[in-house]
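Full structure from sequences and hints, please.
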Amino acid sequence: MMSRVNDPELTKQRLHAVVEEMYDRIVKGEPPTMTLPVRTKTNIGFDKKLGVYKYGKKRSTRDATNLRSAKNLLRALHVVEFIEEMIEAGKSSTLREMYYISEGWGYGKFASQNDSNNLAEDLEVVTSCLREDFKLRPEEDGARMIGNITLEELNRRGQWMRINARDDVGDSGYGVPYNVEVEKIQLIEHDVKFLMAIETGGMFDRLIENGFDEAYDCALIHLKGQPARSTRRIIKRMNEEWDIPVVVFLDGDPWSFRIFASIAYGAIKTAHISEYLATPSASYLGITADDIMAYDLPSDDLSKKDIEALEAELTDPRFADGWWQDQINMMLDLGQKAEQQSLAKYGLDFVTDTYLPEKLGEMGLI
Amino acid sequence: MSGIATKMAKGQKQIAISEFFEKNKHFLGFDTLQRSIITAVKEAVDNSLDACEEARILPDINIKITKVDMKRDILELQSQDNGPGIPQKSIEKVFGQLLFGSRFHAIRQSRGQQGIGITGVVMYGQLTTGKPTHVISKIASESTAAVVDIGIDTRKNKAIKSNQDRMIWEDDDGSIIEHGLRVITRMKGKYQRGRQSVFQYLRMTSIVNPHASITFTDPEGETFHWPRVSEKLPTKVDSIKPHPHGIELGQLQRMCKDSSDSRMTVFLRQNFSGVSMRAAKELCDAADLDVGAKPRLLKPDHVRALLESFQGERTNNGKAVKLLAPPTNCLSPIEEILIKKGLSKTIDSKFIATMTRVPNVSHGNPFQVEVGLIFGEGLGGDKPVEILRFANRVPLMYQQGGCLLTKAIESIDWRQYGLDQAGGRGVPKGQAAILIHLASTNVQFTSEAKEALSDNESVFEETRKAMLEMGRGLRKHLEKKKKMAKTREKFELINDILPAIAAKSAAILNRPVPALSGSITKIMSAVICEEETEWNRETKITDVKITLFNYTSRARSYSILVNWPEKAGAEITENERGGRKEAMGIWGWKIETLEPGEKALIEYSLTGLEKGDWTETEVFFRGSQDVIGATKLDEKMLTQIRADEAALNQIELPEEEDEEEDYLPSTVEGNPGQATLFGGEQ
Chain V
2 MMSRVNDPEL
12 TKQRLHAVVE
22 EMYDRIVKGE
32 PPTMTLPVRT
42 KTNIGFDKKL
52 GVYKYGKKRS
62 TRDATNLRSA
72 KNLLRALHVV
82 EFIEEMIEAG
92 KSSTLREMYY
102 ISEGWGYGKF
112 ASQNDSNNLA
122 EDLEVVTSCL
132 REDFKLRPEE
142 DGARMIGNIT
152 LEELNRRGQW
162 MRINARDDVG
172 DSGYGVPYNV
182 EVEKIQLIEH
192 DVKFLMAIET
202 GGMFDRLIEN
212 GFDEAYDCAL
222 IHLKGQPARS
232 TRRIIKRMNE
242 EWDIPVVVFL
252 DGDPWSFRIF
262 ASIAYGAIKT
272 AHISEYLATP
282 SASYLGITAD
292 DIMAYDLPSD
302 DLSKKDIEAL
312 EAELTDPRFA
322 DGWWQDQINM
332 MLDLGQKAEQ
342 QSLAKYGLDF
352 VTDTYLPEKL
362 GEMGLI
Chain C
1356 MSGIATKMAK
1366 GQKQIAISEF
1376 FEKNKHFLGF
1386 DTLQRSIITA
1396 VKEAVDNSLD
1406 ACEEARILPD
1416 INIKITKVDM
1426 KRDILELQSQ
1436 DNGPGIPQKS
1446 IEKVFGQLLF
1456 GSRFHAIRQS
1466 RGQQGIGITG
1476 VVMYGQLTTG
1486 KPTHVISKIA
1496 SESTAAVVDI
1506 GIDTRKNKAI
1516 KSNQDRMIWE
1526 DDDGSIIEHG
1536 LRVITRMKGK
1546 YQRGRQSVFQ
1556 YLRMTSIVNP
1566 HASITFTDPE
1576 GETFHWPRVS
1586 EKLPTKVDSI
1596 KPHPHGIELG
1606 QLQRMCKDSS
1616 DSRMTVFLRQ
1626 NFSGVSMRAA
1636 KELCDAADLD
1646 VGAKPRLLKP
1656 DHVRALLESF
1666 QGERTNNGKA
1676 VKLLAPPTNC
1686 LSPIEEILIK
1696 KGLSKTIDSK
1706 FIATMTRVPN
1716 VSHGNPFQVE
1726 VGLIFGEGLG
1736 GDKPVEILRF
1746 ANRVPLMYQQ
1756 GGCLLTKAIE
1766 SIDWRQYGLD
1776 QAGGRGVPKG
1786 QAAILIHLAS
1796 TNVQFTSEAK
1806 EALSDNESVF
1816 EETRKAMLEM
1826 GRGLRKHLEK
1836 KKKMAKTREK
1846 FELINDILPA
1856 IAAKSAAILN
1866 RPVPALSGSI
1876 TKIMSAVICE
1886 EETEWNRETK
1896 ITDVKITLFN
1906 YTSRARSYSI
1916 LVNWPEKAGA
1926 EITENERGGR
1936 KEAMGIWGWK
1946 IETLEPGEKA
1956 LIEYSLTGLE
1966 KGDWTETEVF
1976 FRGSQDVIGA
1986 TKLDEKMLTQ
1996 IRADEAALNQ
2006 IELPEEEDEE
2016 EDYLPSTVEG
2026 NPGQATLFGG
2036 EQ
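Just so you know, the sequences run in chain order V and C. Take 2 as the starting number for the first sequence in our numbering and just add one per residue. Take 1356 as the starting number for the second sequence in our numbering and just add one per residue.
Think of the hints as simulated: they come from the structure by calculation, not from any bench. Predicted, not measured: the structure shown is a model, and the values here were computed from it. All residues carry an ideal CB built from backbone N, CA and C; glycine is no exception.
Listed next, the in silico SDA-like pairs over lysine to any residue satisfying Cα-Cα at most 20 Å (straight line):
| no. | chain 1 | residue 1 | chain 2 | residue 2 |
| --- | --- | --- | --- | --- |
| 1 | C | Lys1845 | V | Tyr108 |
| 2 | C | Lys1877 | V | Thr36 |
| 3 | V | Lys29 | C | Asn1850 |
| 4 | C | Lys1945 | C | Glu1929 |
Partial list, computed: chain C residues near chain V (C-beta under 10 Å):
| no. | residue |
| --- | --- |
| 5 | Leu1848 |
| 6 | Ala1861 |
| 7 | Ala1862 |
| 8 | Pro1869 |
| 9 | Lys1877 |
| 10 | Ile1878 |
| 11 | Ser1880 |
What follows is the structure in structure tokens.
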């Protein structure tokens, strides 16, 4: 299941293949190129064996016939060299550090951190390695988690620390580190019926204050918007290793639909490692387009960008099933979107006393 | 110098309407305290510029405004020039009588056209402060300067002189002043800054008078200087006689009455422009007048009939009498290169486009339109562009919205030229300024305030055409810039990035660095032309360098052509490659073979230009493979340029193969000044 290579020699070998492609083209008197899968929704398809969405067969060639692509190729070479140096020296760096280190790369310098993040992903895709193999760490911090879950984390002193995410933490919960693999985190035991992933910090805190996790025997995870890889990965591990259902509670807008797709089906940008990050059995709790009407929630008009995003989702293979098509079309017809916290219209306890029990009941979880 | 000064004074007639001023000072620009000081500066500066121009002196003008009495808003204006000065006996006329001045009666392009002039300032000063105006005048032929205080008896339209004296006039640094004029007036006024201010007026004046050096000291003591950027005085303009199409009944009656000519034909030919012997006879026939009649004795009905035949209402055998167009050498356009210089001295520019149209005629009045567009720093980004309007080199600062020139700007779709404009109409927005100059013998204003031009279809159309033509040049420039940016990227790619990729990949794989030529040809797969036009500070000439790179896999052959400002007097030198002149302002070279991967260099210099005159060379090519950075030569265009050239030479021939008589044509030799396809100047 793991895409991680965990073999420095193999990683180097695969990176060299990328460099060889460029070199050989120049020797042949052609512009150097880098071939990689097309990373858009037009090239993701459902992998029946893995149960997630993966990149298809479409390949694009990035060649040095325009300045932008040529610079990208040069940057890739610098990154390859940098990774090799780190592997040799037994070091690692954050993506942000690499961005700053690129200051010294002359023409190969990154224009923005977004460029360096994208290039690291490109290399993952081309080599089928993970950025952990490249010794690159994300800057992003993982989620917060609360609930009766016990795990062990290897701390800085190299000792395994046992932590219960209900009894050993404060109100802000357990902070999920960027590496949640077995060498860092061991899942020990739990006493929850389901996991609930929550988009906004406000709602996460509301449920904690109202004691929802204890009242309904569940664990709560704050996603912080578009969830980091480690967040998606730990959700997946708990779901698989403990076999507990996952429900996702988000705002009711086109961007939340995308967050859900990245948790359940795999994100377009990381489709090369979907089987490692996605939780196919996760289900969408709300806010749905139905909810806006059924609960008469305070709502906002869809912006031009919202409408464009919804229309793009209609042709996204991940939303091809009937339920999603209905939801998206309904939102388009309604012309409205609503936030999770709009439930407060009926009081602070409405979400925990009425809305969630009703929705969870419908889903058969309580 | 005194000869000129005396002659200028001689041609002047007087009209007594001093009282008119007092009652109508709002017409004359003295209606508000803010405006009065601007008008006063304007009259003084116009006078100085006109006098210097006539005497062929490069003007140095110094304006200083000080606050004399804060509580009562009393300002003192001191203006000084290095002009020819005024002979002592003429001072009282120039400063003491309204509508005194040669220009009121002559038909040609002049600044103060309707001639209220400096007397208005003297009068306003006297009315508001009770003080006379102090004048120091020095003409070159006398050893001392005349000093006098001038006041006005507004009832008798007569000057009141006091404190007359003569003195040795020294400048602040102790040097003797050879010739010049200093005027000091106290007046009620309020100094302000902004769009309508003395500062703005002088700034605009300096734009259209690049030959003038103007210094201004404001009431705070801050000094501004607009330097002279051209040693070239405006072309000397000749007075022309009125054209029959532009005359009014009253004027015609007066001309008849004052005439001492013995015959109508002589009168018509000698007092009007555009009237040939044949036309004079036909005009008389159409008006049922005897060609031998004495003009002085014409009855009012006859004069009216004559006017009607002028205007084509009375015909000769059913046809209006054909008249020649008036000569246009009475106009003095600023000319494109000087507009560029004028604009760039006051605005920090990124790009300037200009266009001077060929003179045209409306109702018997010659006129000429010039426009300029400047993209610059420090001009408001999302605000409307600055509109710089000028009539006969005089800035128009008020009533922008009601002016014909503004309307012409508003009628153009500026969006294609990189400016914002809602709906493609109205004043565009962006970091730019648009200049329009109308040179005309008879500028028609909407009111006596002389701040907005009244509607005139021909002028409107000419202005539009000028802006559209200028816009074409601009669009070409923008396209070229875009292409060159792309080309520069490609050069960066092959010169910097590709070698780095080769070196880095070789280093990682521990293999030899591969050769790049094959990849380069594949990446570029084009012929590229680079042009560099630069002012050489040391040699004081303009150096041009054109490089042609062949990045294709085959040998190529081309003709390369360039434009250069031949009409502005530039000559090509240091041209080792030779080549030949293909047309006026077009030079060409043949490049027989350019092998793959090779480059060809064309280098030459242009003499006879000043810094900033020529900053961009247009490159054309003849050949099958496209050249990035050059334009494929349109042979039709070349033919057109040659045809224009031939036509221009034609004009220099006498315009009419006229017959007999003791008459000297009032039309003048020389051609009327043509613009080329490249926007060169005469």
